[in-house]
Amino acid sequence: MSQLLAVGLGGFFGAIARYSITEFMSRKYPGFPAGTFVVNATGCLLIGILMAIVSHKQIHSSVWVHKHVSLFLITGMLGSLTTFSTFGHETVSLLRNAEMHHALINIAGNLLVGLFAVWLGWSLVMLWMQK
Numbered sequence: 001m002s003q004l005l006a007v008g009l010g011g012f013f014g015a016i017a018r019y020s021i022t023e024f025m026s027r028k029y030p031g032f033p034a035g036t037f038v039v040n041a042t043g044c045l046l047i048g049i050l051m052a053i054v055s056h057k058q059i060h061s062s063v064w065v066h067k068h069v070s071l072f073l074i075t076g077m078l079g080s081l082t083t084f085s086t087f088g089h090e091t092v093s094l095l096r097n098a099e100m101h102h103a104l105i106n107i108a109g110n111l112l113v114g115l116f117a118v119w120l121g122w123s124l125v126m127l128w129m130q131k
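For the sequence shown, full-length UniProt numbering begins at 1 and goes up steadily by one.
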């Protein structure tokens with residue numbers, strides 16, 4: 001039950017963050033799903049950082065890798081912050097509105113920036129741990 005609570009609380013905060021960021025970005029960049037792009041890129045960077053921390057031998061037994069903390073941050077918070085279904089919906093909407101250029105930018109941007117962000121987060125932690 002405590003694991004479900006950790007996921008649920010993390011999900012609550014991630015969902016609030018996602019809503020706030022996407023609302024802000026939609027006002028700033030109308031006509032392009034910048035909010036989804038930002039939350040997905042940010043979530044990828046953070047999951048790269050957290051997974052590197054979780055896997056690092058020196059801190060493997062610390063509070064950062066406690067199961068409840070991982071469930072709260074990774075499964076709950078980042079799981080609800082990032083959104084593949086919204087990315088899919090927004091991309092299909094762009095295609096249906098004949099905005100091929102924006103759709104292709106959205107697809108390539110989410111994929112490439114997302115993968116780069118995970119790698120960057122992981123790499124930054126590994127560099128920091130070597131010092």
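Be a bit skeptical, because a hint or two may be false.
What the hints assert, rightly or not - Simulated restraints, written as ranges between beta carbons of each label pair:
(1) Gly88 x Ser123: 41 to 49 Å
(2) Ile105 x Leu5: 19 to 27 Å
(3) Pro30 x Leu112: 30 to 38 Å
(4) Met100 x Ser20: 27 to 35 Å
(5) Val92 x Phe24: 18 to 26 Å
(6) Arg27 x Leu127: 22 to 30 Å
These aren't lab readings, by the way, just hints derived from the structure by calculation.
The beta-carbon is built from N, C-alpha and C at its ideal position, and this holds for glycine as well.
Each hint tested on the structure:
1. Gly88 x Ser123: 41 to 49 Å: With Cβ atoms ~28 Å apart, the hint is violated.
2. Ile105 x Leu5: 19 to 27 Å: violated (39 Å)
3. Pro30 x Leu112: 30 to 38 Å: violated (24 Å)
4. Met100 x Ser20: 27 to 35 Å: holds (30 Å)
5. Val92 x Phe24: 18 to 26 Å: Given a distance of about 23 Å, which is inside 18 to 26 Å, the answer is holds.
6. Arg27 x Leu127: 22 to 30 Å: Violated, since arginine 27 and leucine 127 (Cβ atoms, about 36 Å apart) do not stay within the stated range.
The structure shown violates the earlier hints numbered 1, 2, 3, 6.
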